[in-house]
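Make the complex out of the two chains shown on their own, each in a separate frame, by following the hints.
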Amino acid sequence: MRPASLRSVYAEAPTPPSPASGGGLGTGFNPRELKREFPIFANNPDLVFLDSAASAQKPRSVIDGTAEYYRTDYANVHRGVYRLSARSTELYEEARDKVRRFLNAADRREIVFVRNTTEAINLVAQSWGPAVLREGDEVLISELEHHSNIVPWQLLRDRTGIRLVVAPIEATGGLDLAAFEARLSPRTRLVAMTHIANATGTLVPVERVVALAHRHGAKVLIDGSQAAPRLPVDVQALGCDFYAFTGHKVYGPTGIGVLYGRFELLSAMPPYQGGGEMILHVSFDKTEYQEPPHRFEAGTPDIAGAIGLGIALDFIEELGRENILEHEEALTGYGVDRLAHIRGLRLLGAGQRRLGILSFDLDGVHPHDVSQVLDQHHVAVRAGHHCAQPLMERLGLSGTTRASLGVYNDEADIDRLAEALEATQEMFIR
Amino acid sequence: MMDLRELYQDIILDHGRHPRNFRKIEHPTHFAQGYNPLCGDRVTIYVTLDGDRISDVSFQGRGCAISTAAASLMTEVLRGKSIADARALFAQFHARVTGGEPAQELTEPLVEEMDRLEPLTGVKAYPARVKCATLSWHALEAALKGSGATVKTE
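Sequences listed follow chains C and F, in order.
Residue 147 in my numbering sits at position 147 of the first sequence; the count goes up by one each step and never skips.
Residue 1023 in my numbering sits at position 23 of the second sequence; the count goes up by one each step and never skips.
Okay, chain F solo, but in the shape it has when bound (with noise of 0.2 Å):
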């Protein structure tokens, strides 16, 4: 077994504890709640849009450490990024943490904010986890589709 001061990094245990952009934005373009019936963990995902650019992005909800750091983190890399810079990031991060090939690769900016999210990816060990670290992209994904949804892990 693996040490588990690889899946609880420093930076997820700090995540964890303190979340950044964890509050409400009052009026988003676009929202979805995520809800992993495994755990009966939930998290909303508050996005607003500027054309085609997120200029806010925030959660709200109640997790475990793995998934309230993952949306802490995915909130920090995302702001000021394109639709298409999200998603890409979105397809990276999968594959990553499920252990899969990725499915293109990154452009040189989205490089740097995909080792950001490097340490989630000591969820691939532990097959039961990697929903807590997919939860909040999941719910992203769903109020960029459509707003107000709510997408389950199961």
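If we strip away everything but chain C, and leave its shape as in the complex, we get (with noise of 0.2 Å):
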């Protein structure tokens, strides 16, 4: 798994294999091989670990990488003359064509290293924002949002009068299209919405989405930190304007995220931050900007990060993300069979197409005792209201519990949850 690309400049002999290599995943992939690939589960032998939508574990190859790269090929990136920023600028460079593949971005200028999703959004609503925006324009988003893609928006209303309208869910928990629809309108200039709601694991029709808002004459961003480690994502094919992802979701490490921006968009938008490698020529009376995507990656990049995001990636595709897909549709039918029998619990977005997240609420029993007791079972779900607490409240819940699901979860890490989950009935419902 550990790529050729990461090979000291300096070395006269190839370096040795690291232990990642032959690992032997092939086509298709099992998860009780996969573990083996995730050292954390060798050292925590009876994790059951269902919290991969908070940040999911490290394969091998991303932990190896990365600490290769430190002591192989380090040097700060770009305008480095000596081999070994030449090289470490190429390896951080290459990490951005790995990104520019995995989203069939149609230019590797599109594609903007940023620290995470919330970071991706933020640059858009502060350099986009006030850039495009006026007073009375819209922006929509929809009652499935996590604080990330709400937020962002109300802190750019506040300092430039624009309105934030939002679309409502179903009774079920899906996005109501019809009801989207109606609030487009011709004021209407952003549409920002979650490819995967991570609060319910909600399958948003993006593709609707997209197209409605286009007839409208709306830009669409679409934050996919849930969806990029699930699903084939392709944005020339989806025509979104934005897409936004994080690097510790999609088995990368933390601190290294993506924003993805049309080229026509992001040349048009001012500087986000300002220092270092965003900048042409600096004088004390007029500085020029860098082109994308360097305009927006100011100061000393993640570069360690970005390599490690791109080993991640390299690590899906070697799985085959149609693979992966297969393997977390079948995976989260199975875990919606399973909890159905357990008594008392009910799945949220019940009927919804969802992915890779099961969100219940477990009839006397608060979140937090229960993951406090499955837990004790060293099954590690996430308890509370998932950074979603608008729809916690349309939902008309203070919180849930969150399994959800990785490469290296198989049914019997379903199974373990559901047997946790009749124990916590059993020691608080008598």
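None of these hints come from the bench; they were simulated from the model.
Among these hints, one or two may not hold up.
Label-pair restraints from in silico Cβ distances [what the hints assert, rightly or not]:
hint, chain 1, residue 1, chain 2, residue 2, range
1, F, 1127, C, 330, 36 to 46 Å
2, C, 322, F, 1095, 49 to 59 Å
3, F, 1095, C, 423, 30 to 40 Å
4, F, 1038, C, 40, 21 to 31 Å
5, C, 396, F, 1022, 11 to 21 Å
6, C, 344, F, 1099, 31 to 41 Å
7, C, 340, F, 1095, 40 to 50 Å
8, F, 1095, C, 419, 34 to 44 Å
9, F, 1098, C, 81, 49 to 59 Å
10, F, 1127, C, 107, 47 to 57 Å
11, F, 1095, C, 330, 47 to 57 Å
12, F, 1127, C, 340, 30 to 40 Å
13, F, 1017, C, 270, 56 to 66 Å
14, F, 1052, C, 299, 57 to 67 Å
Positions of the beta carbon are idealized from the N, C-alpha and C atoms, including for glycine.
Laid out in structure tokens, this is it:
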């Protein structure tokens, strides 16, 4: 799994193969075998990890590849004349190419490295927002959004006097497309919407959202945090204007994320932050800025993070994104069936198309108590509002318990979850 | 890891399921809200003071078994206590659940009340849950200081 490109420029002989190579993943995959590619499971043998929607575990290739980069190729990027800096720059820019392929973007300059999805959305809100939007213009979001796709628009609203419009969900938890369409107005300039709702796993028909929004002349930003690890994403086929995702949920390092933006939009946008890397020429009177993507990457970037993200995307491509989708769909279906047999358990978004996330309410037991007992059974899940408080309030809940899947999960993990939930009921409901 | 039943003792499960004094006082002399932004739990504490004595105390809200039981037990031990007694109990309780040193020795009648709160001290092995046990006490303190406030645990 270790990419051949990660090799010291100064080494005479090739470096020995890393322990990650020869993993033999082949076509399709077996989650039980795959667990061996993730050292966390060797170090926590009983762990049933069902919190990948918060952050995914890291394969050996990412951990070792990142360390290897620091050991053999590390130097600051761009403008370095010496070989090591050139090498580091090459690896960093190679990672950008990998992201371009991952999203099927038309042009590598459309890929901006940021810290995470949150920063990607804030970048659009703070750069594109004031440059394009005028008082009374509308940004349309949905009730399914994570706080990171709500608060940046509220900040923009408070600065510029735009209106923030919210498209409602149906009673079953899916986006109400008719109501969404009804909220598209001549003043709607941007639709910012999640691809998969993080709190419920509901899959949003983003193709329809994009088509409807474009028909009304609005641009579209998709929050791909939960979709990027689970679905093949093709931004050209989708036709969206911006797409954001974060590295740590696609089995990559923390601290690195991606904003995709169509080049004509990015090139018309003012810088987001000022500093080194993003300039062509600086004098005290006037500064000329770089073209995208560098215009938006002020300061020394997370070089190792970007390279680690590239390795994570290699890992995903090697598994096959259709295979991952098939795995997640099958296991999600198994989970829905298994949880349906637990008395008093109500799955959120029942009947909705969902992927990789099972969010539920266990009658009479608070989510924090549920997750505490599950932890005793070595089952790691998340409890609470999942940074989607408006959605929780809409559903009349203070929070839920959320189990979310990764490539390393299998049916045995779901069975352990179900057994631990039954033990939880045993304890609290008597 | 300690046995989970140390955290969820029968008395806690009982008070979690059937909280005592879970009602609104219509005309309290003091009240305040406690809010835990971490989990979104909320509790409102109502107090009726007669001089410096707590003649009635109750709560409402939604929370986990620990925070519900903690509020329920708190209302039980505080009825009839003076404000000074309530503060001394909170200081002692806070020290016990955080594993700190108690500020002062409790007087004999209060030691007995503290024993009733003992089942809640299991949270000290679970740092993420300490705030569940103390939320209602923080709200009580806010109520006694100035009515109508909202205190946050973060």
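**Q.** Hint check, failures only
**A.** When the structure is compared with the hints, none of them turns out to be violated.
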